[in-house]
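Here the protein sequences line up with chains W and B, keeping their order. Counting from 1, one number per residue, gives the positions in the first sequence under the numbering used here. Counting from 1001, one number per residue, gives the positions in the second sequence under the numbering used here.
Just so you know, the hints here were simulated from the structure itself, not pulled from any lab data. Since the model is a prediction, treat every value here as computed from it, not as a measurement. Among the hints, a few may not be true.
[As the list claims (entries may be wrong)] Pairwise CB distance ranges (calculated): (1) Val-1113(B) <-> Glu-253(W): 37 to 45 Å; (2) Glu-1159(B) <-> Glu-253(W): 40 to 48 Å; (3) Gly-1090(B) <-> Ile-50(W): 31 to 39 Å.
[Said to hold, decoys possible] Calculated Cβ distances over 10 Å to all of chain B for the following chain W residues: (4) Ala-164; (5) Thr-171; (6) Gly-214; (7) Ser-215; (8) Arg-248.
The beta-carbon is built from N, C-alpha and C at its ideal position, and this holds for glycine as well.
Residues per chain, in single letters:
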Amino acid sequence: MSLIYLSAWDLTLAAGLVLLLAGLSWRLDLGVERRVLIAALRSTVQLMLIGLVLKQLFAQTHLALIGLIAFVMLSAAGWEVLGRQKHRYRGFWGYGIGALSLFISSFSVTLLALVVIIGVKPWYQPQYLIPLLGMMLGNTMSGVAIALDQLTRQAWDARGRIEARLLLGGTWDEAITDIRRDALRSGLIPIVNAMAAAGLVSLPGMMTGQILAGSPPLEAAKYQLLIMFLVSGATGLGAVAAVWMGSRHLFDERQRLRLDRLMAAVRG
Amino acid sequence: MFSHKLRLESLCTVQLRDIDLTLAAGEQVFLSGVSGSGKSLLLRAIADLDPHSGEVWLDDQPRSRLSPPEWRRRVGLLPTESHWWAETVGEHWPICAMTRDMERLLGMLDFDVDVRDWSITRLSTGERQRLALVRLLFNQPQVLLLDEATANLDLVNRERVETVLKEYRTTHNATVLWVSHDLEQRVRLGGRRLVIRGERLEPES
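So that you can see chain W by itself, here it is in the shape it has in the complex (with noise of 0.2 Å):
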């Protein structure tokens, strides 16, 4: 099977989609016209630009351009983290958490698919690296953006029950324990859905996309069944280094329950 190289005009029909969901928007008065039509933009400039930037990456492997990339990638889904928070950590620590989880998992379990699993030689082969790490970053944001949201949110409303336990003797780590295990459970729900549902009610789109590109569907299955799996190793990891440097945060050095590193809702 070979590939069938997409137009302009292709493309641009398909466009036509995003128009008329952007035209329905402004008949049914959902008022969010404006955003769709700014997000298909972005991700048009978006995903044309990187398409370039990789076509010339591809052609190179630089360890510091490829590390370049790596952080400018990290930095963007650190925002991401941040930006879906309704209470955000004051200081360093607002993006700090996030990106940092984020590093500790997407890049731990990229290196360890590329060096053990792929076997890709030199590891940081743009062509495996960059897109492998996308795939994890793109997910684990999701994951990690959603249990220190969790956990935030609810420490927000229920400082009268933690505060409760600290005060009968109770440790920092007590007090916050069901709240924390909540927040994990949020962050892994839809990466575990993700995996229960891949195959039955929906083929996920790296598969999609290399079977449209060619692919034997088998070669295309293996390849997904591997992202599942280390996406969903990665966003525990994520879900797990962010509630925990998350919650450790919500308490001083005198176990004191501390909202004030919290900013009030950020939206509604």
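Given the coordinates of chain W, assemble chain B onto it according to the supplied hints.
Same frame as chain W, now just chain B:
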């Protein structure tokens, strides 16, 4: 006999400045002041729930010498509103066998031992208030910080709580710092009376 006492040294909270106060072992001190004057925040600072400057001593030991959980077990704060995190009352009690003293305490507040199986959702405000006191006293604190401990209670239950607290203070030689808006109660129960004026503590006239 215990000899513990509580001492505040240059304690500053959001509203109060340089509070120096010594409470003897077994002493009961009432604290009053207008709403928003900082009574509750003072109790929270002593219980080490809010950041503040100054030092608090228990038995001539600075607070920094004790771990926060240990401090809060010894210096127990009963807030105005009680909070519960598990489904039944008993899940909020320390994991130990029910002693005669604990049973007696429950009886004095008009509860049976089977209250441990009660669901939190079925408790009235007054029951919550009394059971929060039980929960606190099970820890056997040396100092009691009471924030409007009888505010949500009817006359009969208010007397029960007062009796329990009096007996606990006597048998454990415990020190009590009690925030109360009720002048009649402050006068009736006796002890030193302080009032917050501006940023200071003064004797109530």
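Here's how the hints hold up against the structure:
{"no.": "1", "hint": "Val-1113(B) <-> Glu-253(W): 37 to 45 Å", "in the structure": "holds (40 Å)"}
{"no.": "2", "hint": "Glu-1159(B) <-> Glu-253(W): 40 to 48 Å", "in the structure": "holds (42 Å)"}
{"no.": "3", "hint": "Gly-1090(B) <-> Ile-50(W): 31 to 39 Å", "in the structure": "violated (58 Å)"}
{"no.": "4", "hint": "Ala-164", "in the structure": "violated (4 Å)"}
{"no.": "5", "hint": "Thr-171", "in the structure": "violated (5 Å)"}
{"no.": "6", "hint": "Gly-214", "in the structure": "holds (57 Å)"}
{"no.": "7", "hint": "Ser-215", "in the structure": "holds (52 Å)"}
{"no.": "8", "hint": "Arg-248", "in the structure": "holds (14 Å)"}
The earlier numbered hints that this structure contradicts are 3, 4 and 5.
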